[in-house]
Amino acid sequence: MPPTQITNVSELTKEGIGDLYFRSLGNIETRKMHAGLVTARSGPTPVAPVIHDVELDFKCWYSGLLSLAHAIDPGVELVPAQEMTGYIVQNFERAKTAIAA
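The sequence shown begins at 0 in numbering that gives the first Met the number 0 and counts up one residue at a time.
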């Protein structure tokens, strides 16, 4: 998966942010850093994550993205966290597919 280059963080849309998250889930290397999914992956018999696992993981991931965006552009206004979380939850099947890849 080629890296994504973002030239202007203020232009990130809900769909664009969601795509970045789903791409991160689908990448074997970056998926290891998704702390919210560790419980589902650990143990003698790993289980597929449920909506709650993905929701918590996304909140952590999005906090990091917001911190980075504000470091790049201190005045940037991105999609509110609650709205983004709702979008990710609505697209849970996409998250499951990305994780299974």
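If you're looking for bench data, these hints aren't it; they were derived computationally from the structure.
Hints may contain errors.
Computed spacing ranges between beta-carbons, pair by pair [what the hints assert, rightly or not]:
hint, residue 1, residue 2, range
1, Ile-71, Val-49, 29 to 37 Å
2, Asn-26, Val-75, 21 to 29 Å
3, Ser-9, Ala-47, 14 to 22 Å
4, Gly-74, Ile-27, 19 to 27 Å
5, Glu-92, Ala-34, 20 to 28 Å
6, Ala-47, Val-75, 18 to 26 Å
7, Lys-58, Ala-99, 18 to 26 Å
8, Gly-63, Ala-99, 17 to 25 Å
9, Val-46, Gly-74, 16 to 24 Å
10, Gly-63, Asn-7, 17 to 25 Å
11, Asp-72, Thr-96, 28 to 36 Å
12, Lys-95, Pro-73, 34 to 42 Å
Ideal placement from N, C-alpha and C gives every residue a C-beta, glycine not left out.
Has the hinted range 16 to 24 Å been met by the Cβ atoms of Val-46 and Gly-74? violated (42 Å)
Val-75 and Asn-26 - C-beta distance against the hinted 21 to 29 Å: At 25 Å between Cβs, range holds.
Please check whether Asp-72 and Thr-96 have a Cβ separation lying inside 28 to 36 Å. With Cβ atoms ~32 Å apart, the hint holds.
Can you tell me whether the CB distance of Gly-74 to Ile-27 sits inside 19 to 27 Å? The hint (19 to 27 Å, Cβ to Cβ) is violated, given that Gly-74 and Ile-27 are roughly 35 Å apart.
Given a hinted range of 34 to 42 Å, is it respected by the beta-carbon distance of Lys-95 and Pro-73? holds (36 Å)
So does Lys-58 sit 18 to 26 Å from Ala-99, Cβ to Cβ? holds (21 Å)
Does the hinted range 17 to 25 Å hold for Gly-63 and Ala-99 at CB? Between Gly-63 and Ala-99, where Cβ atoms are some 23 Å apart, the hint holds.
Do the beta carbons of Ser-9 and Ala-47 sit within 14 to 22 Å of each other? Since the Cβ atoms of Ser-9 and Ala-47 sit about 36 Å apart, the hinted range of 14 to 22 Å is violated.
Status of the given 20 to 28 Å range, CB of Ala-34 versus CB of Glu-92: Since the Cβ atoms of Glu-92 and Ala-34 sit about 22 Å apart, the hinted range of 20 to 28 Å holds.
Does 29 to 37 Å hold as the CB distance between Ile-71 and Val-49, or does it fail? holds (33 Å)
Range first: 17 to 25 Å. Now tell me if the beta carbons of Gly-63 and Asn-7 are that far apart. 19 Å Cβ-Cβ, so the 17 to 25 Å window holds.
If I claimed the Cβ atoms of Ala-47 and Val-75 lie 18 to 26 Å apart, would that claim hold in this structure? violated (34 Å)
The structure fails hints 3, 4, 6 and 9 (numbered hints given earlier, in ascending order).
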